[in-house]
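Visitor: Given these sequences and hints, build the entire structure.
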Amino acid sequence: MELIKRLGLNKNEVGNTSHITVNTDICKKCIDKPCIKVCPAGTYEDDKENGIIVHYERCLECGAALYACPFGALDFKYPEKGVSYIYG
Amino acid sequence: MDYDVDVAIMGGGLAGISAAITAANKGLSVIVLERGERSGSKNVSGGRMYIHSLEKLLGNRFRDAPLELPIKKETFEIYTEEKKISFSFENKETENSYSILRSKFDTWFASEAENMGVPVSYSTLVSGIDREDGGLVLRSDRGDIRTPLLIESDGAAAFASRYLGLVKEKQFSMQPVEKLENNPDFMPRQFMVGVKEIIDKKTENTYGEARTILGLSGDIKGGGFSYTNKETTSIGLTLKLDSLEKHKEKAFELIEDFREKLGIEGKLLEYSAHLIPFYRFDSLPPRYADNLMVTGDAAGFLINDGFTIRGMDNAIESGRLAGEAAKKIFDSGDYRDTFIYEQMLEDSFILKDMKAASRISTLFGNERTFDAYPKMMAGIMERMFSVTDNPRENIKDVMRDEVKKNGIGYYTLIEDMLKVI
Numbered sequence: 105m106e107l108i109k110r111l112g113l114n115k116n117e118v119g120n121t122s123h124i125t126v127n128t129d130i131c132k133k134c135i136d137k138p139c140i141k142v143c144p145a146g147t148y149e150d151d152k153e154n155g156i157i158v159h160y161e162r163c164l165e166c167g168a169a170l171y172a173c174p175f176g177a178l179d180f181k182y183p184e185k186g187v188s189y190i191y192g
Numbered sequence: 070m071d072y073d074v075d076v077a078i079m080g081g082g083l084a085g086i087s088a089a090i091t092a093a094n095k096g097l098s099v100i101v102l103e104r105g106e107r108s109g110s111k112n113v114s115g116g117r118m119y120i121h122s123l124e125k126l127l128g129n130r131f132r133d134a135p136l137e138l139p140i141k142k143e144t145f146e147i148y149t150e151e152k153k154i155s156f157s158f159e160n161k162e163t164e165n166s167y168s169i170l171r172s173k174f175d176t177w178f179a180s181e182a183e184n185m186g187v188p189v190s191y192s193t194l195v196s197g198i199d200r201e202d203g204g205l206v207l208r209s210d211r212g213d214i215r216t217p218l219l220i221e222s223d224g225a226a227a228f229a230s231r232y233l234g235l236v237k238e239k240q241f242s243m244q245p246v247e248k249l250e251n252n253p254d255f256m257p258r259q260f261m262v263g264v265k266e267i268i269d270k271k272t273e274n275t276y277g278e279a280r281t282i283l284g285l286s287g288d289i290k291g292g293g294f295s296y297t298n299k300e301t302t303s304i305g306l307t308l309k310l311d312s313l314e315k316h317k318e319k320a321f322e323l324i325e326d327f328r329e330k331l332g333i334e335g336k337l338l339e340y341s342a343h344l345i346p347f348y349r350f351d352s353l354p355p356r357y358a359d360n361l362m363v364t365g366d367a368a369g370f371l372i373n374d375g376f377t378i379r380g381m382d383n384a385i386e387s388g389r390l391a392g393e394a395a396k397k398i399f400d401s402g403d404y405r406d407t408f409i410y411e412q413m414l415e416d417s418f419i420l421k422d423m424k425a426a427s428r429i430s431t432l433f434g435n436e437r438t439f440d441a442y443p444k445m446m447a448g449i450m451e452r453m454f455s456v457t458d459n460p461r462e463n464i465k466d467v468m469r470d471e472v473k474k475n476g477i478g479y480y481t482l483i484e485d486m487l488k489v490i
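If you read the protein sequences in the order shown, they are chains B and E. Quick note: the first sequence uses the working numbering, first residue 105, plus one each step. Quick note: the second sequence uses the working numbering, first residue 70, plus one each step.
Source of the hints: derived by calculation from the structure; they are not laboratory data. Quick caveat: nothing in here was measured; it's all calculated off a predicted structure. Heads up, the beta-carbon is just placed ideally off N, CA and C, and yes, glycines get one too. Be aware that a few hints might be false.
Partner residues are not named here, just some residues of chain E that face chain B (Cβ under 7 Å, in silico) [stated by the list, open to error]:
1) Leu313
2) Ala342
3) Leu344
Guide: As structure tokens, this is what we get:
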């Protein structure tokens with residue numbers, strides 16, 4: 105199943121503002137972009153202009169990216185509402 | 070400072086609710102702060118709970134818990150290329166562990182605490198903690214909570230410890246990730262990400278089955294699992310963050326492939342992800358500080374001894390111990406001195422089992438476990454199960470040859486074998 109359909113199975117109350125911010129000055133210089141590689145929800149996308157674009161509405165709140173960026177570019181907080189699992 | 074409660078608990082999962090039940094039983098005033106709309110709505114577990122801690126906490130009441138099926142069949146499967154080695158163990162009498170779905174379970178578990186009069190404040194996100202006048206002020210979206218004691222039960226990401234400056238990752242200058250992988254301060258080494266699917270497939274058995282699977286996570290270091298529930302099947306992969314960072318394969322692609330290779334068919338009902346602590350025993354995060362006790366995943370209480378992988382029983386027991394310690398600290402009047410909790414942990418199975426498992430967990434950090442050893446074992450099996458017109462080979466010669474062929478040194482092999490024993 106495609107990622108977007110996969111994520112669509114979950115109840116997710118997305119807020120108006122992003123709970124994740126990135127320091128694009130660092131992201132633009134980043135070689136490996138580890139946030140893209142660890143995220144199980146495709147929240148981070150490579151972007152020529154900004155280095156990284158954040159699709160925060162996809163986030164499953166696992167926190168992997170919080171510990172994934174070794175360069176201190178990522179500020180991750182939990183959203184006020186966000187995802188609710190039925191099975192877990 | 071005037072306090073709102075005797076003890077505040079951040080996180081209404083297994084550890085937090087266990088702490089709340091215990092502390093309330095001992096007469097303390099407690100509040101649980103849970104960021105989900107109900108307990109369990111943000112929780113994901115592989116799906117098997119060893120039941121001893123729950124039974125110790127609740128006595129016979131644990132039988133009311135909405136567990137799934139008692140696990141009576143264990144299967145280990147190792148895949149390498151087109152080959153697969155597996156073994157199974159069945160015990161029809163055991164009820165030592167159960168498959169479990171956390172959303173349902175935790176909601177029930179929290180209601181047990183609420184029935185005792187413990188307030189659980191849902192949809193409550195703590196966004197900062199300040200130290201004031203010998204106590205703590207928790208800043209939440211529902212206002213400030215003043216407490217002399219905090220039990221942290223907020224999962225592997227451990228936000229409370231971060232707010233208090235106890236956990237702080239080192240920031241490196243820009244360089245390829247490959248150069249950082251052996252650096253002890255490189256945090257991705259300390260975590261796995263779990264991705265999980267719930268499949269609409271019901272088992273034909275009246276009991277549950279657990280499968281532990283190696284070799285189906287592509288180039289990523291990690292493992293797989295499958296548990297049968299009453300109505301559904303849980304499958305998932307646990308993937309090391311540092312390994313994911315070095316490869317192009319994504320978790321959501323790997324799990325798709327994993328399900329296909331397992332041949333489990335059925336509608337996908339849920340896709341979830343969760344962070345899993347994977348600290349080395351000698352680099353565990355702080356378990357206590359002034360006014361603070363850390364429990365469950367936040368304290369890195371995951372035990373992997375090669376046969377069992379468990380976090381939920383540790384969460385419940387560490388929560389129970391923190392609840393007991395809270396009463397002792399309350400009676401002593403010195404809220405800063407939480408060392409008693411550390412002493413209780415040291416006397417418990419948690420730290421003892423973690424220490425014992427720490428030798429074997431070093432095996433899971435090396436490439437041999439995921440590559441050379443499975444290939445070696447499959448090579449031995451292939452040759453022992455094949456008959457040709459050449460004379461049969463002696464098993465000792467085959468073993469020696471396969472060890473050599475896979476580039477494993479004898480000293481390394483013996484050393485790794487000793488870790489298992």
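Visitor: If a hint holds in the structure, say so; if it doesn't, say that too.
Guide: Hints, one by one, checked against the model:
| no. | hint | verdict |
| --- | --- | --- |
| 1 | Leu313 | holds, 5 Å |
| 2 | Ala342 | holds, 4 Å |
| 3 | Leu344 | holds, 4 Å |
Going down the numbered hints, you'll see the structure goes against none, and every one checks out.
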